[in-house]
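J.: For the protein sequence lines, the chains are W and A, in the order given.
Under this note's numbering, read the first sequence as residues 1 to 336, first letter to last.
Under this note's numbering, read the second sequence as residues 1001 to 1336, first letter to last.
Treat the hints with care, as some may be off.
As the list claims (entries may be wrong) - Derived pair list, reagent style DSS-like, types lysine-lysine, alpha-carbon separation capped at 30 Å:
no., chain 1, residue 1, chain 2, residue 2
1, A, 1025, W, 239
2, A, 1169, A, 1303
3, A, 1239, W, 70
These aren't lab readings, by the way, just hints derived from the structure by calculation.
Only a predicted model underlies this, so the values are computations on that prediction, with no experimental measurement involved.
This is what each chain is made of:
2 protein chains.
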Amino acid sequence: MKKQVNRQILLIKRPVGLPDDSCFKLTISEILDPAYGQLLLHTKFLSVDPYMRGRMNDRKSYVPPFQLNKVLNGSIVAEVIESKSNSFAKGDFVVGNLPWQDYSITGEKQVRKINPELAPVSTALGVLGMTGLTAYFGLLDIGQPQKNETVVVSGAAGAVGMIVGQIAKINGCHVVGIAGSDIKIKYLIEKLGFDSAVNYKTNTDLRKSLNEACPNGIDIYFDNVGGIISDTVLSLINKYARIPLCGQISLYNETLIPLGPRIQPVLLTNCALMKGFLVYNYEDRFDEGISHLADWLKTKKLKYAENIVEGLENAPKAFIGLFAGENIGKQIVKIS
Amino acid sequence: MKKQVNRQILLIKRPVGLPDDSCFKLTISEILDPAYGQLLLHTKFLSVDPYMRGRMNDRKSYVPPFQLNKVLNGSIVAEVIESKSNSFAKGDFVVGNLPWQDYSITGEKQVRKINPELAPVSTALGVLGMTGLTAYFGLLDIGQPQKNETVVVSGAAGAVGMIVGQIAKINGCHVVGIAGSDIKIKYLIEKLGFDSAVNYKTNTDLRKSLNEACPNGIDIYFDNVGGIISDTVLSLINKYARIPLCGQISLYNETLIPLGPRIQPVLLTNCALMKGFLVYNYEDRFDEGISHLADWLKTKKLKYAENIVEGLENAPKAFIGLFAGENIGKQIVKIS
Chain W
1 MKKQVNRQIL LIKRPVGLPD DSCFKLTISE ILDPAYGQLL LHTKFLSVDP
51 YMRGRMNDRK SYVPPFQLNK VLNGSIVAEV IESKSNSFAK GDFVVGNLPW
101 QDYSITGEKQ VRKINPELAP VSTALGVLGM TGLTAYFGLL DIGQPQKNET
151 VVVSGAAGAV GMIVGQIAKI NGCHVVGIAG SDIKIKYLIE KLGFDSAVNY
201 KTNTDLRKSL NEACPNGIDI YFDNVGGIIS DTVLSLINKY ARIPLCGQIS
251 LYNETLIPLG PRIQPVLLTN CALMKGFLVY NYEDRFDEGI SHLADWLKTK
301 KLKYAENIVE GLENAPKAFI GLFAGENIGK QIVKIS
Chain A
1001 MKKQVNRQIL LIKRPVGLPD DSCFKLTISE ILDPAYGQLL LHTKFLSVDP
1051 YMRGRMNDRK SYVPPFQLNK VLNGSIVAEV IESKSNSFAK GDFVVGNLPW
1101 QDYSITGEKQ VRKINPELAP VSTALGVLGM TGLTAYFGLL DIGQPQKNET
1151 VVVSGAAGAV GMIVGQIAKI NGCHVVGIAG SDIKIKYLIE KLGFDSAVNY
1201 KTNTDLRKSL NEACPNGIDI YFDNVGGIIS DTVLSLINKY ARIPLCGQIS
1251 LYNETLIPLG PRIQPVLLTN CALMKGFLVY NYEDRFDEGI SHLADWLKTK
1301 KLKYAENIVE GLENAPKAFI GLFAGENIGK QIVKIS
């Protein structure tokens, strides 16, 4: 089972604007033996997420920047192949923030055991992991959806957005998604039960279409994208609207601070709340979130989608692909 | 006591940009007799407030626009000169939203009785009225100041700002004001006990000065002004910062939607909260607020300032003067 080759993906150049292949490099290193209390893990699934773009810049953010010429790291599902910890056994599956490589040594506190009976283990990176929990806490804790309210979610066919919309439906809301292809629009309405969805790429008057899709205005705007789409949504919010700020993917590759219409007057006039958050703000409530999400999966109230690319060597390409916005659901790399 | 002449101030033209005298007109009308349950009031003090600028535009906002060729209205302190209500007696002082005229008829539910023993009755328009309560609820409910946190307030020498800073001091915070003249800066530090204050008009590097005045970053930014000042403050906020949005006076006379750097990335990165509010959101807690503010006045923990202009005919001028930002504290018009 244990191989002698440990492939790794390094960040070798900080991207300016959209990242490309030249920023990454595949190398090979040794596999070490676990010490007492440690685990040797074999990487099975690796998560690529938009927030990682921020870590590729050399500036202060909510997580420290990636270091140049070091292995990248992110959320990973791995199998324990050797355990020197009493808390884990060979064959257990775990999830944690780990290096982008085939084999890793980790401390027992650095990973969380996955219950493989709940759902396929890859869901620990998506609906039962960071993106599902992001949707759960952002919508429920900041958005506070009430029955019959209108919820608009941007990046609606993404890993977070699709869960937001479905939890809003579970809470009795009128749900409108914004996404970037007709295939996504069809998927949101027909497969996930969104009340309406708008293709921002082909729509010639987004404001008018949203206005029609939201006859009672917008009470919650779950913002995954930022930029012009968000400007348009904000122009339609109701009094006491809540705006969980989850992502700003439209701006992550901007090299200058982007300008836009000032939003404070809109928030003031509507007594609206806008709040940025990270899923880690809710770490002490993850069990609650996973338990609800798993229940909804089991009772078929919640669906999820994964887009799986094969091969560690393709992880950079999968990451870059996030910004083209072509895929539905959680982008995952399966390590062969 | 009762005169036969009832002067009134009408809005006769919607301003474009900064209002001027030609938007207003003084006329004369009759004085009616109160019906059962009504009061005849003699106006004593009239409040001019920046938010009224928004009501002069013909567009939807949190309060309906003023009507053209009708009497303006706003917060007023008046004396009851004839009462046909069991709840009020001749000689009582009341506060309420009333027309800009010498004499008014009002229903008994439309006004609130003032306790003249707490402080001069004019304070019902300021520190013990709308502006004091705005400071109280915006800072305490949205800002949630904790001991040793840093609070920055813009428009710091204004009716709301000066109370915000002092309540923040009462709560053990490090308080920094932003204001527009050296007289104001001196007043904030020497009379009101602000830890520091910055003159945004003469300062050549506001960011650097704020950075020096806030060695531990900024935890709460109470925003009365918006625009470039707020852009600068936002660039210095700490993780989990709270930003009560109270006013955007720098933008009220803009005729186009102003552009500025997009703020969502800053809020997201810092898990910060921004919330617009109106004092009327807290109407059911006004008694609590007034009681605390009056206690602080009595124990000299809280000071206030009024800038009084004499004569109903000068109310438009006093209103226009708000945007020049020359005065310290609450701008009031005393009706002679």
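J.: Assess, step by step, whether the Cα of residue 1169(A) is no farther than 30 Å from the Cα of residue 1303(A), and give holds or violated.
T.: 12 Å, holds
J.: Does the structure keep residue 1239(A) and residue 70(W) at a Cα separation of 30 Å or less?
T.: Measuring from Cα to Cα gives roughly 27 Å; hence the hint holds.
J.: Does residue 1025(A) pair with residue 239(W) here, judged by a C-alpha cut-off of 30 Å?
T.: 33 Å, violated
In the structure shown, a violation is registered for the earlier hint numbered 1 alone.
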